[in-house]
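S.K.: What follows is the residue order along each chain.
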Amino acid sequence: MSEIADLECRELSKSFLDFQAVKDVSFSVPKGTFFSILGPSGCGKTTLLRMIAGFQEPTSGDLLIKNKSVLDVPPNKRPVSMVFQHLALFPMMNIAANVGFGLRQRGVDKREIEKRVETVLERVGLPGVGNRSINQLSGGQKQRVAIARCMVLEPDVLLLDEPLGALDLKLREHMKIELKKLQAEFNTTFVYITHDQSEALVMSDQIAVMNHGVFEQIGTARELYYQPKTAFVAGFVGEANKYDAKVTAKNGDALKLVTGDGVELSGLDAVGGLNEGDRTQVFVRPEAIKISRKQADIKGMDNSHSGEIESILFNGANSQLLLRDNSNGAQINITMPQTGEFRDLTRGDNVYFGWEAEQTRCYLADKVS
Amino acid sequence: MTSDKSKLGFFLLLSPLLLWLMTLIILPHVGMFFVSISEKVGVRQYETGFGNYAVFFNEPLYWNTFARTAYMSIAATFLTLMIGFPIAYYIAKLTKGRTKTTLFLMCLIPFWVSELVRTFGWMILLRETGVVSNFLQYIGLVDGPIEFLYNDAAIMTGLVYTSMLFMVVPLVTTLDSLDDSLIEASYDLGGNGYTILREIIIPHAMPGIVSGCIVVFMLSLGNYLTPILLGGKDSLWFTGLIYSQFITRFNWELGSAFGFLLLGLSSLIVFVGLKLSRQSLTETMGR
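Line order of the protein sequences matches chains A and B.
Numbering of the first sequence is given in the working numbering, commencing with residue 9 and proceeding in unit increments.
Numbering of the second sequence is given in the working numbering, commencing with residue -16 and proceeding in unit increments.
It should be emphasised that the hints constitute simulated quantities derived from the structure, not laboratory data.
C-beta atoms are modelled at their ideal positions from N, C-alpha and C, and glycine is treated no differently.
Be aware that a few hints might be false.
[Said to hold, decoys possible] Part of the chain B face toward chain A, derived, beta carbon under 8 Å:
id, residue
1, 21
2, 22
3, 24
4, 167
5, 168
6, 169
7, 170
8, 171
9, 172
10, 173
11, 174
12, 175
13, 178
14, 183
15, 187
This is chain A alone, in the form it adopts within the complex (with noise of 0.2 Å):
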């Protein structure tokens, strides 16, 4: 990369007397990109965001932030703040106080931090509220408070571990295109610790997805929808209908697999290697299944299956269909399209459906954990 990444992890380890919890990440963030790492409770992003905050040491590997080790930097002395995931304001102080509360730290004059703290909290859209008190504010003024008083220091990354978590639905809705605007604005670095993934989709230049210390695959939103590498990532982001199925013949990257119960599906090494007799776990998206009442729109289509309505999951635009397969009784789940054609769907209706084999993403089952 020919420009300074802001932030690079250098096989970055961290072990807890017997358990490793981050185990040899390696990566860079550019400048000014919205970085978010991906990953369940208990994968060790969160280990991994404070160590680059700088509360906790790694066991092995290296930081770097502009190209320059801060290891040995503390927290305090660190380039980098953090917003806390319950924001962690100061209720003692003012919002003026609290956002300058960085600025006193660093010895600026008194009228200087005044015209920071007001200036910065004009451009997170909250100008004059400095004289309020903390309980005054709303939640997602609060956020906005919290992203100010990192961003009055202008670090060179800014973490967040999972802000949102904490607020309602609707809130937190608004709030991801909220931060992406905040994001775009001050063109800082952001690296941001979540376990939903509409957040990260939504808001991320680049993901990583996390699984049990390891980075599972680094991408955009779409490269980790489309194009998972991994068992893990198809399973995690988004998603899928899954099957536990043996390869039966190979003919390049197209597979042709039986299930356990003897149903015969054509399918795509997602990743390449897999050979005949190998045990694959195999991933289908409910939106790439195709379903209609007639047998023959779907005779042509490399699956096709029948099956039986076992319940309708209205969700506006999202609504899905639980459907049990007649071949293997297996469940399986289609996004309901919303054309209209489909709209008067009852249980125990009987449908055809199938799909591509390009969109039936085959992986080795052993690499799953």
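Based on these hints, arrange chain B on the given structure of chain A.
M.R.: Leaving out everything else, chain B in the frame of chain A:
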């Protein structure tokens, strides 16, 4: 009907407290006040007036003792806070689970023994033929026995020791409620140990500090046993004066006046303390 019944219940539940307040606090004080404003003019002859209070202000020994008691109590409170705060911080923030409970219990255990016995314990340690004196002679630091008792330092030690728990408990409670992430956040924003203590920890712990200080100050001011036993004849503690007026001199009138002066003094100092720390009594005691 229900409201009448619940009202009755409320008063029944309240009655022990009211009874206690009335018979043990208010009535004696009213009685004492009347005693304090009656001057003895002859055998069994009394006149109403503030002569007893005048005696206090005209006798330097009395008001010197009074002032001494006040500043010694303030000093004891301050010292208790200085020693108690790090202990409380350690218990509340740096330990977890079993260790925390154990440490907390260890603060409590001395109070299972009566104050008298504990004070005698200090006497055994500090007297001329006591443990400390003997030890110093044994290791050859001093030639002859040393008397550690019967001075202000001994009184101070006793007072701080007696009231430590009453400082540590409210401090642990308030410090416990301080979210660790606030400390981390301030550290992350560039704060150092000193500024975090000044801007985050102390403001948060203020109600605990103030309530602890009030309790310790009151206990020290009204303490009788510790100053008399550890300070000996020269202890000059105001409660000692009150005792001698009532018991030794049979001068109940002057003793009552002293009692009221002590009440006024403690109220005044607590009031000033609250004003200085910008806390309100309801806020600190309501925690």
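S.K.: Which of the listed hints are not met by the structure?
M.R.: Numbers 1, 2, 3 - these are the hints that the structure violates, sorted from lowest upward.
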